Every structure is written in structure tokens, then in C-alpha cells.
Amino acid sequence: MKWRQVRSIQFIIVASFTLITVIVMLFVSFVVYDKFANTAEQNAVLNNQQIIDQVKFNLESYVSGIGAFFEIIDDRLNRSGGLPVKELQEQLDTIRMTRDDVVSMAIFTIDGQLIQSIPSQMQRRNTSLTEQSWFTAAVQAPEQLSYSPPHIQNLFEGAYKWVVSLSKGMTYHRSGIGEKGILLIDVNFKTIDDLCQRVTLGGKGYVYLIDSMGNLVYHPQQQLIYNGLKYENVEQVLKYTYGSYIDRSGGVERLITVKTVNPLGWKVVGVSYMDELVTTQQEIGGFLFWLLAAVLGFVLIVSFVLSARISHPIKRLERTMRLVEKGVFSVHMEMSGAEEVKQLTSRFNLMVARIHQLMDQIIVEQETKRKNELDILQAQIHPHFLYNTLNSVVRLAGSGRTDDVVTMISSLSKFFRISLSKGQHIISVQEELEHVKHYLIIQNIRFKHQFSYEIEAEERILNSRTLKLILQPIVENAIQHGIEGSADEGCIRISAREVDGKLLFKVSDNGAGIPPPRLEAIQAGRVESRQGSGVGLRNVKERLQLYYGLAYGLEIESQPDVGTAVTMWLPLEREDES
Amino acid sequence: MLSSYAGQGRGLKVKLLRAIVLLLIIMPLALNTACSGNGIIEISEPEQRNFALVVKMLNDDYWNTVRMGAEAAAKEFNVKITFLAPEHEKDVQQQVEYTEQALKLGVDALILAASDYMALGQVVDQASYYNIPVISIDSEVGSTKVQSYIGTNSYQMGRTAGQELVKLMNGRGKVGVMSFIQGAHNAEQREEGLMDLFSRYDGIEVAEKAYCYSDPDLAYELTLRMLAKHPDLEGIVALNSISSLGVARAVKDADAGRAIRVVTIDSTPELMGYLQDEVIGAAVVQNPFAMGYLGVKYAADALQGSDIPERVETDVKVIGLNNMFWPENQKLLFPFVK
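Just so you know, the sequences run in chain order U and D. All residue numbers for the first sequence refer to full-length UniProt numbering, where the first residue is 1 and numbers rise by one. All residue numbers for the second sequence refer to full-length UniProt numbering, where the first residue is 1 and numbers rise by one.
The following block holds chain D by itself, in its conformation from the complex (with noise of 0.2 Å):
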């Protein structure tokens, strides 16, 4: 009785002892495939975004920094950059269609550089329709529907510019601007800070007003013909990267003896050779690599929901022969090239 008692015992704990195995060679693997399933995280890529930045030009180093600037925002945010710009700047109706062909394309933002304040304002209040964030750049355009302006203050800009060739100038002379669009609002509104300034100065003579549609050839002739026209033509204002090239080739060009003073807008490579050469007598330089980098920034932020701010205005520098090779300049002026 008492054995029989101690078999069934016996086999009793057999029994659990046989689940108890069982479950500690079940358990591991479940605890691996679990985990494996936990170790191999696909952190799934959020779809990239696309965004298009429309700028006024192609080929241009200026416009080239933009584009490193919002390559680098890219990179950073993850986003991809769809860039468009027309080949010449006075051509308003190519960057009106590239604009409206990357909404059709359906872009998540548009960052845009407006050639014409009236223009591209038409096709800015369209992007209302797609509900995508639009931020210009460099140029204000005439739409309620920019969230925010990243750009250089115009008006202050060409103020400076004036003021720098008034001290070239010490007070007295003709002088020429080269402006490069009617229409374009940031042209106009240097224009009228320069024209301001001028005239609190009564030494100085505007000669002429040029405009060179952002052609350097068209600026290097007609700054030929106004320094012809002109012979006591002492300073000449150019006021964009274009313009002040064709300006200072050709002064570079004309006859030696004559001494003009220039002033010019913008910090390419080609200008900053002539002010080390002393061809540009002073540059009003502003941060188009920031331009675009912000742009970008604040473009992924206003799709993330957070709030930015409505305008921004980047900082103007006057560079010089003196102070162009200072460390903190040369970051500045020029580009990081690798």
C-alpha cells in the first residue's frame, strides 16, 4: 500500500517536473524571438519631404550660396530640395511657371525668391490652395500667404551702399547706379534707401540710373556707355551681385586714369577679387547661405507645427580692403568650399 502510495508520488512529480523542462525550453525561445524582434527596430525613415526653391537665377555664385545654405538645411532636416530657377533674371514668366509647375508637382513647401513683387504674388496666394507653408527669400513678394520673409532689409541696404561711396566720394561727385529690375521689389526698395541718402547730400549728383536686367554683359555696356556719357563721373552704385560684376569689369576695363569709386552689393568670389584689387572701392555684403538655410529650417518647422517668426532680417556687412582677410570675414564672404 505504502509503495504504491510513493509510485504515484513519484509519478506526480514526474509530471510536473517533465512541464516544468518543458516550458524553461519554450520560454528562452520566446524570450529570443522577442527580443530578436526587439533588437532589429526598424526605425521606419519618415517619408522625405520635398520641398522647391524657386530663386531668380541660374549659374550665379549668388544664387549658388542660397542653394548651399538650403543643401545643408536639406541634409539636416531631411528633406529633399527640388531647385528651379530660370536662366536669366529678367525672365519673371519662367519663374512664374517654374513655380506654379513645383506646385502642381506637389511639393510640401516652396521657398521662393521672387524676381517680380506683383508677379509671383498671383502664384503665391495659389499655394494657398495646396495648404503648403511658402517662405520667401532675399525678395519680399506682394501675397498675404508668405508665413515668413527671410531677407536682408532693402531699404537699410541700399542706405549703406550710398553711404559707403558718399565717403569714397568725401562728400562731392557725380555719381551712377546700376540697378538690375524694375518690378523687383528689393530692387526698388534699395534704390530709395540709396536715393534718400543722396539726397541728404547735396555734393552729390545722381548722373544716371541704369537698369541691367541681372545681365552682366548688358551691365558691363551700359556702364561703358555711362561713364562715355559721363566724363566727370566719379562713383558708380551697383546694387546686386550681377550688376556689380558688370560694373566692376567694367570699370576695371576703362581708362586707367580715371579714378571711380565703386560700390557694390553682394560677396561672389570674381567681386571679392576686385575689391582685393581695389577696382570696388567697398561691398555691402549680405548672408545668402543663411538665406537659404533658414529658409529651409523654418519651411520643415512650419510643417512640424512650430510657430516662426514672420520676418527675419539677415545681417548686412560693409567689407572693405582693410578688413576683407580678418578671420571672422573670410567665413563669411567666402564659401567653405571642400
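Chain U with its partners taken away, still in its complex shape (with noise of 0.2 Å):
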């Protein structure tokens, strides 16, 4: 971009604008985008906990509930008469048949004998049931149900299931006698999971649940972690109650939310990724980014018109401005644009208006000048010229030759006559021709017939208008510098024709001819002529091309001791025409 450019009014607003608007732009974006990102943040980590929360309270009133099942199961067993019965076996079975997530239920003794199993079922070997932790659990607290974290359920006969149990101390009847017992019931994870399954954070996010030792309870990847092929850093869960942090083990930031399940102790795990809750920052920058292109492109609109508005007047007023510094004064500017433009449009126009009449002035006055001088000039042929012809007529009186002093005086008087034509410039082709025939007639007598001479016209030209007394000097020169000096006898010719629609005066001699440095001095207009009329070449070119323009003038022709031949082109004006 060119300098003179960048230093536009245009420009500079567009450009200023533009600035301005993308620092307020990129500030305000800046403090949104903080602002939003952490507002989006905070939102992520209360949605995750509120989520969290609801599967809490679903799992509380899901382990309530198999409490309850439980107490109602313990109830039943405490009013029966003795064990084992086969009613009560019926009973239980279609009461355990009302839920599908009990597998068995069993009371033992509490040296591990078994007493009922509830489906009725087949015990097998190696058991080593008084080892498990829901019969140590029940011994230790007899009053209190307590719940095991997820095992492999080996007591019966059948496939092994993962189960949790549940086991407490009770009293149970045989032959009318209370014994101690442990009522065993073991749930599957079938609804444990469909809580925690329905739960989705995010795209990637899940929840997972553990026990209050870091036994993993639910886990949508459970068997992966199971087999070692996965891993979930629990020992930081453990740490918590609830509550929320950031996780970075494993190079992604996840967003951990922990929550307990009371009474179990049992925790809820939320995970979601971060990077799925900085999508959602990337969409509020994405957002900005475009809010920001948005303004960008308006404000480049609007400054881009406002500043067209405010500088196209000034460009137009410089245009307008270059076409006077050309020459062209017509012009006139139209009122328009801003208030200053307006004033200024009407300030040029007043001084382009007023130039235009000083120059027409100073043309006109130019012009009266030179043609004053003109006059002045072509005055000065004549005294001269008069006070040697009437030396040379008296010459001739005294001598006798009164046939020369009747020519030479008649030549005299129509050459007068030509010459004053009643004051005016303009004069026909054969009048100047007839003029120059006179002169050349007295000089003739003059210089003793020194010279011969022709004069050729064409008969269609001949009323043709002629700034008048232009011939007449250059042959005076053709006499005075061609002939004079010459041995031989001088021959003068004069033709006027059309060429190319123009009119064409030659005068030619064939006498001495301009030396080369002196022509050249004459064609460069550095020749004063010798004689004091001022009258010659130079005064000839000057009028021609002051009254027809500087497309018409004189040439010279001329070669030392062949002669010299004078060419003027003038404009073809018919006498009719003019």
C-alpha cells in the first residue's frame, strides 16, 4: 500500500475504528469468556453433584427398603414355632419370589451349620463360611445389620453369583427352645446397577460405586478393572465424604464427585472429564470469536461508509482542483456533503470563478497590446520605404525619364492605397499580390532593372483572405540580401496556392542565400534586422501566427549561392466565408 494511502482520511477511520473496536472487543471477550468459563465450571460441578446426589438418595431408599425386607423376613422367622417348616419354607420362597434381586436367603447357627436355605437348596463342601465377613459381622454384631462388600456367593449348589449380603443376629425356635442364629440374605446388583447405570455425565463421564474399604460395587467397566486392564484410583475416593476434586492421575482431568451412602457407607463416585466441560468453554469462545467477527465486519461497514461520507467530497473537491490546475476554468462545483465541505465547495467555486474572470481579463488586455503594437509596427514600413522611393523619383525627374516617374508614382499610390486598405488587417490574396507587384515594380526602377521577377496564383485563391503586407517584407529581404549582393541578374518568384487546404505563399531568389550559422540564427528568432524598420521575418511569422495560431507561420528555405526560398502557410478563408 502506498504511503499516500495509508495517510488517508479514509484510512485513518477505518483503521482507528477497527483498533478501537477489537481492544474494547477482545477486553470485554476476555472478561466474558473468564467469566462464563468459571460460571460454566461452577454449573458443571453442581449438575455432577446434584446428579450424584440423586442416585444417592435412590440408592439410600433402594438399601432402606432390603432393610426392611429384611426386618420383615427376621419377623416372620422370630413368630414361627420352630424350624425348620416346610410352610413357612413356601411362604418365605414366594415373598423372595416378589423381588428379583434377592437370591437366596439362609440362617445358620452361629457355629455355621446351616438351618433352612430359602429357595431350598443343596450346600456344598469347603464353604468356610464361618470365615466370611458377613458371619464374623453378624457374630461380632448380632443387633446390627450389616452388609458385605461384593463376593462370589460359594454356598449352594448352582452357578457362583457376585452377590452382597446382608446378615444379622436373630433368634430362631427349635423343638420350642430359642436358639442363636444368623439370617443370611444376599442381593445381586441387578438394581444397584440400573441406578447407577441410568446416570450418564456427559459424553464419557459414569458413575461407580464402592464400598467403605474400596471394593468395588458398580462399575460400568467392572470386569476390565476386575482383570487388571483397567484401573480406578480409589484410594483418593476413600479420602472423601463427599464432596468434589480434580483428578489428573492418568493425564486427563476428570471431575470427581463423591457422595456417601448412609447407612452403608458405601460411596458414589461421579466422574466426568474435563475436557468435555471445556467444550463447552470452546463453545462460548467460539461464540466470542464470532460475536467478535460479527462487530468487526460492522464496524468495518460503518466506518467504511462514514469515512467514503466524509472524504469523498475532499477527493472530489481535489479532483475538481487538478482539472483548474490543467486550465480548465468552466468548472463548477455542486453543493453537497458535509457542513465544512460545503462551505469550502462554495469558497472554491467563488475563487475558480474569480481566476477564470482575471484571466479572460488579462487575455483580452494581452491581446489589445500586441495588436497595438502591430499597428505600430506596420507603420514603421512606410517613411522609409517613401523617402527612398521619392529620392529615387526625383533621381529620375532630373534625369528625364518621365515614362519611369509615371510608373514608379502610379505604382506608389496603388501600393498606398493597398497598404491603408481603410484601416483593416485582413485583405484579399490578389490585393496583397497586386501590393507586392507594385513594390517589386519601384524597386525594379530603383535597382535599374537589376532583377527580373514572376508572380504565379492560382485563379481559384485569389479571393481568398490574407493578413496583408506579408510578402511585401520578405521580398524586400530577397532584394536587399539575395539580389544586391549577387553578380548575376536577380530573378524574384512569388506563388500562392492550396496545399492541403491550406494557403501557401513561397518567395524564392535565386541569389547569394543565407549562410548555414546565420539561417540558423533566424530560425531560433535571434536576428535583429539590420535595418531600423524592424520589419522583417520575424515580424512576419509573429503576426501570422498571432492572428491564425502557432499550426501556421513561415519557414526558410536557403543554400549559399543558390538562393533562399520563404514558404508561409496560411488558413484557407474564402472571402465569402469571412
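One or more hints might be untrue.
Claimed, not checked - Below 20 Å or equal to it, Euclidean Cα-Cα: the simulated EDC-like pairs (lysine to aspartate or glutamate) are: (1) U:Lys-204 / D:Glu-76; (2) U:Lys-230 / D:Asp-196; (3) D:Lys-252 / U:Glu-157; (4) U:Lys-448 / U:Asp-500; (5) D:Lys-75 / U:Glu-232; (6) U:Lys-161 / D:Glu-328; (7) U:Lys-230 / D:Glu-313; (8) U:Lys-230 / D:Glu-328; (9) D:Lys-75 / U:Glu-373.
I should point out that these hints are in silico values taken from the structure, not numbers from a laboratory. If you're wondering where the values come from, they're calculated on a predicted model, not measured in any experiment.
The task is to assemble the complex, starting from two chains supplied on their own in separate frames and drawing on the hints.
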């Protein structure tokens, strides 16, 4: 870009508007983005906590439901007379069937002997049930319902199932004697899975459940973790009862939300991936970017229009000024644009009009002045020539050459009549040729017929208009410089023709010619006439150009000892035209 | 004059204001469209890839666990698994056909547990025409086109099984071997490891070696026959889950007076029941879930262009009654079926 364009009003306005907008928008965007990002993160944390809370409540209500179920069974057993009883077995099995999460129920003595199992199943060997956590817990705290971590139920024949065991001490009656025993209810993961699976935390996030020791109760990739193919950082979770923190282990930022399920002490853990939260932030960022782009585009358009409105009239003014500079003064600017520009335009118009007026005035004055000068020049011809001619006439009269005197005087009279031409500058070609003819007659007598002359003209141009007294000074030069110094008899030829729609006068002689250096000087206009008359080539040339313009004028060709030819170009103006 | 100027100025201002108001109306509209376009960025789901998992046998606990692992990975890496297996493990031809069929279907990767080292090798070589990754699991296959093998070191596994039996028999006695298929690479390797170990114990005498072709009923028959033929037989090693099942059933049904030490391979629930009932003395278990999972995972990785290990040897564990219900072993032995 050129410096001139960079400094233009339009550019400055557009650039500064844009710059200001960008700075302001960037600042606002930064503040808004920061605020939004923070809010988005807080919202995500809050949202996760609410979701996890919901899971927690669902689990708590499920657990309390299971607890209530346990109490019902316990109550039934307490009220029954003695065990094992077939009817009770059937009743309890019917109750069990209503719940698809209860795998089995069983009553053991505190020594680990099976009293009754519901449904009735064969017990396996080598169960080592007295060492299992549900059993020891029930023995140690018989009054409290205890929940085991997930484990394989290995008590009965049939498929091995992953269960959570609920156990509690109880009293059963055998042969009328109350004895201490343990009631066991095994629950599968169906409902727990359903509760946890239903929850989604973003695209990749998930919920898992651990018991108070950190054993997985539910995890969407439980089997992978059990097989050592995946790892879940539960150690850190165990430190929390509730709350949220960012986990950076594994190279990915994850938002961990922890809630504890009462009364089990299980922990519901929500895992969301920060990059998904960041996606929300990216969306805000994207939005702000488009906003910035749109505002910028808007500002660009507005500032462009605005600056164009300001700078356009100024540019128009400049263009007009350039026209004036080239000489076109006829311009007139319309008044439009801003108030200031209007004032400027009006002043400019006034100024140009004034200059135009002054220039016209100067031209008129100059022309007048020149014409005056010309008249003076023309007037100068006559006294000198008259003096010489009258001298010759006296001489002729003295030697009695009456015929020559008559010829001379009559030629002189005609010469002057044409010279005066009632004060007109323009005469016909015929008159001009006649004028020069009379001059030649006079000069021929004066120079004792030392030269001959020929005048020829095309018939059709005789009526054309010409500036008067242009041939006579050339012929005078030809006689003075060409013929006078020449030993041979001189010959002067004058012709008038129409060439290319222009009028051509040609005066040639066979005299001494002009030496090249002097010819050069004459053509350059550096030579003053030796005679005081001052009427010479320059005079003729100036007059021609003054009248007809620079396209017309006078040319000299000359060769030493061969002769000189002067040609003059004039516009062809018929008499009737002017 | 002045008033006319002011009028013109006001006209200009009105024009400008109009333009600005117009732009202010248009701009939010444009923004809205831009943003609504932005808001509903439709993450075009990458086309779901289709992997073929060809295993040795249909309706078998061991292979079902492999399949579970593969499906866990399929879910994680968003691929579809076409599970193909012949009815019986001995039906090698059927497995070859299934593999060819899968290749013709234009699957994106092949995960193969070869029943026959050589026969499947030719098919796998064909896979290179399709320019797809081939992952071999459980048993190796005779082809250089296999990009990765995930499975147990079969030789070492055979040695371990032998070692357990020697321990149970206190270093002396007659033993029988129940292998599964002649020609299967892992069967040969396990046998080799087993025999190498037995040869180190002078007290151990291998009475008989039988092939059950992964047919539990045949294994049952062969075991009963073996027990009848060698009344002094004191130990049996079964070299895969199917043969283990047949052996365990036979030993349980056989004369209760005889104490037969049984060492088995793999950990199907039924075998675990026999282990708890002390029919089986010790079980050498692999991790079929990990094989299935890693098979799919590495195939997906290979398609992504990342480097995958040429050979992954999954762990082997010896499980007895004493440790089978340890929490960490429960997790390994019993699939977490929901």
C-alpha cells in the first residue's frame, strides 16, 4: 500500500475504528469468557453433585427397602414356632420371588451350620462360611444389620453369583427352645446397576460405587478392572465423604464427585471429563469469536461508509482542483456533503470564478497590447520606403525619364492604397499580390532592372483572405540580401497556391543565399533586422501566428550561392466565408 | 440559507442512523444463524468398524469369557464384533471357512484363535490381500501376517500344570494326560512343557495320553476308559477347559475309593465347582477376558496406525481350594455377570 493511501482520511478512520473495536471487544471477550468459563465449571460441579446426590438418594431408599425386607423376614422367622418348617419355607420363597434382586436367604447357627435355605438348595462343601465377612460381622454385632462387600456366593450348588450379603443375628426356635442364629440374605447387583447405569455425566463420564473399604460395588467397566486391564483411582476417593475434586492421575483431568450412601458407608463416585466441560467453554469461545468477527465486520462497514462520506467530497474537490490546475476554469462544483465541505466548495467555486474572470481580462488586455504594437510596426514600414522611393523619383525626374516617373508614382499610389486598406488588417490574396507587384515595380526601377520577377497564383484562391503586408517584407529581404549582393541578374518568384486545404505563399530568389550559421540564428529568432525598420521575417512570423495560431507560420530554406526560399502557411479563408 | 444547510445535515444523519439500525437488526440475525449452526455441531459418528472374532468353539464358557472381553473392548472403541465359531473345536475346516467368509465380508480386522496351526495359517496369509490387521489370541497360528499374539505361554503353562500334579502326588505315581487336538499349536506346546517337566521326575510315569478333540463327552469316556485300564493311575492332567470338564466329571463319577489327583486348565464356573468340591486338586487359569479385550483393543490400535506389541503373554495363576475365594481371585475366576 502506498504511503499516500495509508495517510488518507478514509484509512485513518477505518483503521482507528477497527483498532478501538478490536481492543474493546478483546477486553470484553476476555472478561466475559473468563466469567462464563468459571460459571460453566461451577455449574458442572453443581450439576454433577446434584446428579450424584440423586443416585445417592435412590441407593439409600433401595438399601432401606432391602433393610425393611430383611426385617420382615426376620419378624416372620421370630414369630414361627420352630424351624425348619415347610409352610414357612414356601411362604418365604413366595416373598423372595416378588423381588428379583434377592438371590437366596438362609439361616445358620452361630457355629455355621445351615438350618434352612430359601429356596431349598444343596450346600456345597468347603464353603468356609464362618470366615466370610458377613458371618463374622453378624457374630460380632448381632443386633446390627451388616452389609458385605461384593463377593462370590459359594454356599449352594448351582452357578456362582456375585452378591452383596446382608446378615444379622437372630433368634430362632427349635423344639420350643430359642437359640441364636444368623439370618443371611444375598442380593444381586441388578437394582444397584440399574440405578447407577441410568446416570450419564456428559459423553464419557460415568458413575461408580465402592464400599467403605474401596471394593468396587458397581463400575461400568468392572470386569476390566477385575482383570487388571483398567484401573480406577479409588484410594483418593476414600479420603472423601462428600465433595468434588479434580483428579489428574492418568494424564486426563477428571472431575470427581463423591457422596456417601448411609448407612452402608458406600460411596457414589461421579466421574466427568474436564475436556467435556472445556467443550462448553470452547463453545463460548467460539461464540465470542463470531461475535467479535460480526462486530468487527459491522464496524468496518460503518467506518468505511462514514469515512467515505467524509473523504469523498474532499477527493472530489481535489479532482476538480486538478482540472483547474490544467486550465479548465469552467468547472463548477455542486454543493453537497458535510457542512464544512459545503463551505469549502462554495469558497472554491467563488475563487475559480474569480480567477477565470481575471485570466480572461488579462488575455483581452494582452491581445489589445499586441495589436497596438503591430499597428505601430506596420506604420513603421512606410516612412522609410517612401523616403527612398521619393529620392528615386527625384533622381528620375532630374534625368528626364518621365515614363519611369509616371510608372513609379502610380505604383506608389496603388501600393499605399492597398497598404492603408481603410485600416483593415485582412485583405484578399489578389490585393496582397498586387501590393507586392507594385512594390517590385518600384524597386525594379530603383535598382535599374537588376532583377526580374514572376508572380503566379491559382485563380481560385485569389479571393481568399490573407493578412496584409506579409509578402512585401519577405521580398524586401530577398532584394536586399539576395539580389543586391549578387553579381548575376536576380530573379524573384512569388507564388500563391492551395495545398492540403491551406494557403501557401512562396517567395524564392536565386541570390547569394544565407550562410548556415546565420540561417540557424534566424530560425531561432535571434536576429534583429539590420535596418531600423524592424520589419522582417520575425515580424511576419509573429503576425501570422498571432492571427492564425501556432499551426501556421513561416519557414526558410536557403543554400549559399543557390538561393533562398521562404514559404508561408495560412488558413484558407474564402472571402464570402468571413 | 442556513436553515437549508441544517436540513440537509439532518437528512444525512437520518440516513446514517437508518443504516446503523438496519445493520443492528441484521447483525444479531446473522449471529444467531452462525451460532445455531455452531451450537448443533453434529459430531458425525465415525463409521463403525466391523471386526471378526473367530474362536475355536461355540457355546463354551471359556470362549464366552473371551467374547465378553472382546465386547467390552468393542463398546469402548466403538466397533462391531462378528463372532464366529464352529460347533466343535475339532471342526477345523469349519473354522477355516468361517475365517474366509469373514475376510470376504470385508471386515476391518481379524481376531483369531486358531484350532490348527497350519490350516489356519494359509487363511491368515490371505488376509494380507485384504490389507487388514490380524491378531491371534489364545493359540498361535503359522503365518507371518499376524501382527500380534495375545495369549498364554503354553509351554510354561504345561510345565506349571505338571509341577502342580507332581506336588499333589508327592513326586511319584502313574499319570494320564488328556490333551485336546493334535495339531493345535497350544496343545502341542502344553504337552511339550508337561512332558519336559515329568521327565525330570523319575517317580512319575506317564501311563497314557489321550485326545478328546474338545468334546466333553469324549473326554469323559476316555477318562473312564483310562481309569479302568490303569487301576494304579493316580493323577490326570487335562490340558484345556473342555477336556478338564470331561475329566472332572469322570473322576467324580468313578470309584469313590480311588484318590485321583486332577490338575486342570482354565476356570469355567463348572470347573470351579469341582475345585471347591475337591474333585480337582489344582487349576492353572489363564485370563480369557483379557485375551478378548486386548485382541480387539490392539486391532483397533493397529487400524489407528499406532504400534502394537508383537507378543503379549497373559498371566497364569495356580488356583486351589485354599485361594480360590480370595477377593482378588474371585474377580479373576468368576465373570462379573450382571
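Here's how the hints hold up against the structure:
| no. | hint | in the structure |
| --- | --- | --- |
| 1 | U:Lys-204 / D:Glu-76 | 10 Å, holds |
| 2 | U:Lys-230 / D:Asp-196 | 36 Å, violated |
| 3 | D:Lys-252 / U:Glu-157 | 15 Å, holds |
| 4 | U:Lys-448 / U:Asp-500 | 39 Å, violated |
| 5 | D:Lys-75 / U:Glu-232 | 18 Å, holds |
| 6 | U:Lys-161 / D:Glu-328 | 15 Å, holds |
| 7 | U:Lys-230 / D:Glu-313 | 17 Å, holds |
| 8 | U:Lys-230 / D:Glu-328 | 14 Å, holds |
| 9 | D:Lys-75 / U:Glu-373 | 114 Å, violated |
Violation of the numbered hints given earlier is confined to hints 2, 4, 9; the remaining hints are satisfied by the structure.
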